[in-house]
Amino acid sequence: MSFFSLFSVSWRRALTGLLLLLVWSFSGAATSAQPNNIQPYIDRVAEQISEFTLSNGMKFIVMERHQSPTVSFMTYVDVGSAYEQPNKTGAAHFLEHLAFKGTTLIGTRDYSAERPLLDELDQLAGQLKTTQAAGKSTDSLQQQFAQTQAKAAAYVKQNEFGQIVQQAGGVGLNATTSADATRYFYSFPANKLELWMSLESERFLDPVFREFYEEQAVILEERRMRTDNSPIGKLVEAFLQVALPDHPYGRPVIGFEADIRNLESRDVRDLFDRYYGPSRITIGIVGDVDPKQVQAMSEAYFGRFKAQTRAPDVSVNMLPQTAPRSVNLTLPSQPWYMEGYQRPGLTDPDDAVYQMISSILSGGRTARLYRSLVEQQQLALSIQVSPTFPGDRYSNLLVLFAQPAPDRSIEQVAAAIEAELTQLKTTPVPAAELDQVKTQARASLLQTLASNQGMASLLPEYEAKTGSWRNLFEELKAIDAVTAADVQRVAQQLFQPQNQTVGKLTAG
Amino acid sequence: MWLNGYLPKWLRYGVLALVITLGLGLSWASGSPAMAITPQHYSDLKFPPAPEIKLPPYSRFELNNGLKVYLVEDHELPLVSGIATIYTGDRLEPAEKTGLASIVGDTLRSGGTVNYPAEALNQFLEQRAAAIESGIDTTAGSASFSSLSEDLNEVFSRFAELLRQPAFPPERIEFTKNQWRGVIARRNDSPDAIAGREFQKLIYGATSPYARTIEYSTLDQISRPDVLNFYQQYYHPNNILLGIVGDFDSAQMRALIEAQFGDWQAGSPPVGRSLLQDLPEVQQVQQSGIFIVDQPQLSQSTLQIGHLGGELNSPDYAALSVMNGVLNGLGGRLVNEVRSRQGLAYSVYAYWSPQFDYPGLFLAAGQTRSEATIPFIKATLAELEKIRSAPITESELALAKDSILNAFIFSFATPAQTLSRVMRYDYYGYPQDFIFQYQKQLKATTAADVQRAAQTYLKPEQLVTLVVGNAAAIQPPLGSLSPGSKVTPIDVTIPSPQG
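Residue numbers (our numbering), protein chains in the order written: chain A, 1 to 508; chain Y, 1001 to 1499.
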């Protein structure tokens, strides 16, 4: 489990990053082969972490770190695109955008005057849809809609929420939506703890999803940028539909264009009402804070949320794959090649083994696929493996992405990958290689310990996905316990033709 | 993602601190069990005093051979990392060998040394999850390492040997050239990449060191002797700044540096800043105009609109950064108007982006659906006109200034930030208190200053507009922007590699 679960951001960065020959960004950067040398530091950090749960069910995980007078916040909401209705894709991401629009007090000049206009806009949007469906002229309705929209806009203080955060010295204000979760985050100077408490609690207690229709246009632009005008974006979208049919991970996080256009404000409101209750919110707070004070403030500010029965999780009823699948796109672009293999979610006992396989294949300069395909055979410019994609709570995919080198064919790349995967299935991984990957996993965690934002992100994620933030540290033990036989066994199960989906993008 | 992050590098460290003591600040009794807290709306809150900036102690010394060293101890974790900054840059390579500096920077590390051949070196480092990297960008070279403190000696000796005796094996140079050939072949696959590249060429000129691109033909000109020459020209101890931060004892670290670098012979002058006396002249090449890269497969236009900018040490830098704040960010004028009100774009911004020692750019940019291209351009230009023609409001001024000043503490959050700032100022010949001078100027900036700066530095008549998009779908067409405006197509066809 890593930042890779942020569909919209990380794979893209990872791939384009490999093209920058100067910039190598390895996940691990420093540690030794002896786990015992690092363990005391990890144990010491673990002692700085505490947790509490409000009576309404909202969980908080707090890590004291006094290196600088700053504090990072993460509101982790346990709902992502996987929870959307099949014809309402993009609703979770749409909601994320609207959560920047303010409250009944923030972002408006006069909510009581604004509110009827927002209701009217929704009604007009509904009428427009039915009129359009009936094949009648919508001119006058459209005019009326535009007029009402202008009236409503006159009450809006654009982006006031963000302005307040920024003016107070907040940095890094943003949010992401993935298949599994929606995260809202930023950092403040340490003296503004209570300001975060006030703003963040009000944001989700009393949100107003204003500027819905303007934001719809913004999201369509975001989709054009990330997907429609990006060859690899298109390939990934098509690939997931083929690899994970009838699976919520098979649908794009940002949503299909038609769905984004059809979404109504009540769809977003429904998703909010159902899933943004305190039992699905986990907060991470890391930095220069006093945990007792955090708890006292949290009880006051977030204790205002009403307890709510936890909406059921998604159930995934995908038929097992029985034969290889493939998807081919022809676009004006240089070629890309993808392979995906279905695997279970992160609570599977072999989760650590999948992570190890991914690191052995593509974890750095000595990783097998890089060495073989990029350096030795020069078949690919870059190759990257993600152990989970596009989410990891439920069954998902281990995926490989490769950019064939000029004058090399996708078939040559595919054959060379297959040779490496076969090697993994037939020959036990040497002990030194296994140790190296374990060392890098420890290094990666050690590095993250020194980052307020990194820890504020990971602690609530582990809490929400695995039931305890402590699994962030326990995971190292699971990784340490992985044997060469485990790697071979899981590789044999995983890398099977009937488990595989291939994606090809060829130049047109 | 809610916002597509665009934060120029200079802004990340350019921001300044404010240590104001709010007289009304409450002092929290730490650990006091009975704190009765009543939830309040943000506007009613009172805060404890803003945290004070504390600079970590650092030491600076010079070896006999001229190597300048900066040390900062940081004992939070058992880690050490370091960076050497080398006075060089790809702007110093010959134009016909564009790519040479980049290849030197890459193969210095990836080719290993005689004692530590690449493959063994990679193995050694990755077994310890340590790293050594190197590269050369436009204005500087760098080599960095990171390691667990207990592996420091062994990693550092390899780091030193890479800097002093890189092997530059011929096959590694060829490999890197081939990787670049792959990058060239793929450079038109992203509209954003096309726009960024071609816009620089329009402003600085296609052959300028600040815009030229690596081509098959320039790669073919680069030989191993060129690589060795370029390396030998710049990699001398008296041409390097070395900074190390982490879990070490400074006296021991100094001894280690002496042992690894002390007997490295100094190079003959010129070195350091004096090496960079004859930087290339910069003039805006296209004085204005509209340019298009026609990509019929696109449904969205990627736009860059701008002109030549300035340097960071401008006396108006503070006023210009307030202008940046008013135009950009959450609640900035461009996001408010072009994105949130008009729904024309996901990403829109306009920054005065200065460089340390050559003129940067003023650049407005974003993406919009093909048919909204003209409205996007007009809406963006209207904001640029507005900030020149009328003073910003007092609340906009306060928002922009407070945003920078209140967040200043984040520029001092780690010892590594201080170390890299100290080195950066030395490298570019800036005073060490530059950031505090800026802070002072920023506090004193008025709405009138911002308008004067906008009028002086933003030049509507010099704006060059570049669109990467589907020409046929851009309706109304770009030519309708102003009477008689001509639209010049740019051909981005990649020349074929020579057999």
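Incorrect hints may appear among the rest.
SDA-like, lysine to any residue: derived pairs with alpha carbons at most 25 angstroms apart [what the hints assert, rightly or not]:
#1 A:Lys292 - Y:Arg1341
#2 A:Lys157 - Y:Leu1381
#3 A:Lys292 - Y:Tyr1042
#4 A:Lys234 - A:Pro245
#5 A:Lys157 - Y:Ala1390
#6 A:Lys129 - Y:Arg1341
#7 A:Lys425 - A:Pro349
#8 A:Lys477 - Y:Gln1127
#9 Y:Lys1440 - Y:Pro1039
#10 Y:Lys1177 - A:Arg365
#11 Y:Lys1440 - Y:Gly1310
#12 Y:Lys1378 - Y:Ile1194
#13 A:Lys157 - Y:Leu1045
Derived contacts from chain A toward chain Y, CB cut-off under 8 angstroms, selection only [claimed, not checked]:
#14 Val171
#15 Leu173
#16 Leu195
#17 Thr227
#18 Asp228
#19 Pro231
#20 Arg261
#21 Asn262
#22 Ala431
Just so you know, these hints were derived from the structure itself, not from any lab.
We put the beta carbon where it would ideally sit given N, CA and C, even for glycine.
Hint check:
A C-alpha spacing of about 42 angstroms is found between Lys292 of chain A and Arg1341 of chain Y, which places the hinted pair above 25 angstroms, so the restraint is violated. Under the criterion of a C-alpha separation no larger than 25 angstroms, the hint pairing Lys157 of chain A with Leu1381 of chain Y is consistent with the structure, at around 22 angstroms. The straight-line distance between the Cα atoms of Lys292 of chain A and Tyr1042 of chain Y is roughly 21 angstroms, inside the 25 angstroms bound, and the hint therefore holds. At roughly 17 angstroms between alpha-carbon atoms, Lys234 of chain A and Pro245 of chain A fall within 25 angstroms of each other, so this suggested pair holds.
Between Lys157 of chain A and Ala1390 of chain Y the CA atoms are separated by roughly 21 angstroms; this keeps the pair inside 25 angstroms, and the hint holds. Between Lys129 of chain A and Arg1341 of chain Y the CA atoms are separated by roughly 22 angstroms; this keeps the pair inside 25 angstroms, and the hint holds. The hinted pair formed by Lys425 of chain A and Pro349 of chain A meets the criterion: a straight-line CA distance of about 19 angstroms does not exceed 25 angstroms. A hinted pair counts as satisfied when its Cα atoms are at most 25 angstroms apart, and Lys477 of chain A with Gln1127 of chain Y qualifies at roughly 18 angstroms.
The suggested pairing of Lys1440 of chain Y with Pro1039 of chain Y is violated, with an alpha-carbon distance near 36 angstroms, which exceeds 25 angstroms. Taking the CA atoms of Lys1177 of chain Y and Arg365 of chain A, the gap is near 18 angstroms; set against the 25 angstroms cutoff, the hint holds. Distance restraint check for Lys1440 of chain Y and Gly1310 of chain Y: the Cα-Cα separation of roughly 20 angstroms lies within the 25 angstroms cut-off, and the hinted pair is therefore satisfied. For a cut-off of 25 angstroms, the pair hint linking Lys1378 of chain Y to Ile1194 of chain Y stands: about 22 angstroms separates their Cα positions.
Restraint check for Lys157 of chain A and Leu1045 of chain Y: the C-alpha separation of about 21 angstroms stays at or below 25 angstroms, so the hint holds. Interface restraint check for Val171 of chain A: the shortest CB-CB distance to chain Y comes to about 5 angstroms, inside 8 angstroms, so the restraint holds. At a threshold of 8 angstroms, the smallest CB-CB gap from Leu173 of chain A to chain Y is about 6 angstroms, leaving the interface hint in force. Interface hint status for Leu195 of chain A: upheld, as the beta-carbon distance to the closest one in chain Y is roughly 6 angstroms, under 8 angstroms.
Proximity of Thr227 of chain A to chain Y is violated relative to the hint, the smallest CB-CB distance being about 11 angstroms (cut-off 8 angstroms). With 8 angstroms as the threshold, the beta carbon of Asp228 of chain A comes within range of chain Y, its nearest partner Cβ sitting at about 6 angstroms, so the hint holds. For Pro231 of chain A, the interface hint holds, since its Cβ comes within 8 angstroms of a Cβ in chain Y; the closest pair sits about 6 angstroms apart. Proximity of Arg261 of chain A to chain Y is violated relative to the hint, the smallest CB-CB distance being about 13 angstroms (cut-off 8 angstroms).
Checking Asn262 of chain A against chain Y by beta carbon gives a least distance of about 17 angstroms; that is not within 8 angstroms, so the hint is violated. Because the closest C-beta pair between Ala431 of chain A and chain Y is about 12 angstroms apart, greater than 8 angstroms, the hint is violated.
When the structure is compared with the earlier hints, violations turn up for hints 1, 9, 17, 20, 21, 22 and for no others.
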